[in-house]
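Under my numbering, residues 32 to 151 are what the sequence shown spells out, in order.
Don't take each hint at face value.
As the list claims (entries may be wrong) - Simulated restraints, written as ranges between beta carbons of each label pair:
hint : residue 1 : residue 2 : range
1    : A134      : L90       : 22 to 32 Å
2    : E81       : L37       : 21 to 31 Å
3    : K93       : A70       : 21 to 31 Å
4    : A50       : A79       : 21 to 31 Å
5    : G111      : L54       : 51 to 61 Å
What the hints assert, rightly or not - Subject to a maximum C-alpha distance of 20 Å in a straight line, what follows is the list of computed SDA-like cross-link-like pairs (lysine to any residue):
hint : residue 1 : residue 2
6    : K39       : I108
7    : K136      : L125
8    : K136      : A51
Please keep in mind that the hints were generated in silico from the structure rather than gathered at the bench. Don't be surprised by glycine CBs; every beta carbon is placed ideally from N, CA and C.
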Amino acid sequence: EQFAKLPKISIDFGVMEKAADVLVVEMKCQWLDLGSWSAIAQTGLPDADENISIAVNGLSVKGRRNVLVAEDDHAIITLGVSDIVVVHAGDATLVCHRDHEQAIKDLARLRQQRFGDRLE
């Protein structure tokens, strides 16, 4: 409950820029910022057409570079479309072109205005 009340700000702006004494330790690893669906797709294995399915029942047919995500065994099937993101979670499904995925924060605000907390 308290977490939901916190301001939505990244740790680098909200904490690190205000910290007086900071120590840094080098960590040799590959870093991936999971701030977009395309970034999350980099954690999966692409098929021959570069489609990524992070869904138990995801299938892209005659399409390329699609990202399919579901948190349950909901089936996501695409046919003849390319470069889209389909995300199914709870009672909502997002479909967008990969070129527009950075606008999802704006879309989330519009969803909140239109549907309130009913559909998250």
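Now for the hints, and whether the structure bears them out:
{"no.": "1", "hint": "A134 x L90: 22 to 32 Å", "in the structure": "26 Å, holds"}
{"no.": "2", "hint": "E81 x L37: 21 to 31 Å", "in the structure": "37 Å, violated"}
{"no.": "3", "hint": "K93 x A70: 21 to 31 Å", "in the structure": "25 Å, holds"}
{"no.": "4", "hint": "A50 x A79: 21 to 31 Å", "in the structure": "47 Å, violated"}
{"no.": "5", "hint": "G111 x L54: 51 to 61 Å", "in the structure": "53 Å, holds"}
{"no.": "6", "hint": "K39 x I108", "in the structure": "33 Å, violated"}
{"no.": "7", "hint": "K136 x L125", "in the structure": "12 Å, holds"}
{"no.": "8", "hint": "K136 x A51", "in the structure": "31 Å, violated"}
Against the hints set out earlier in the document, violations occur for numbers 2, 4, 6 and 8.
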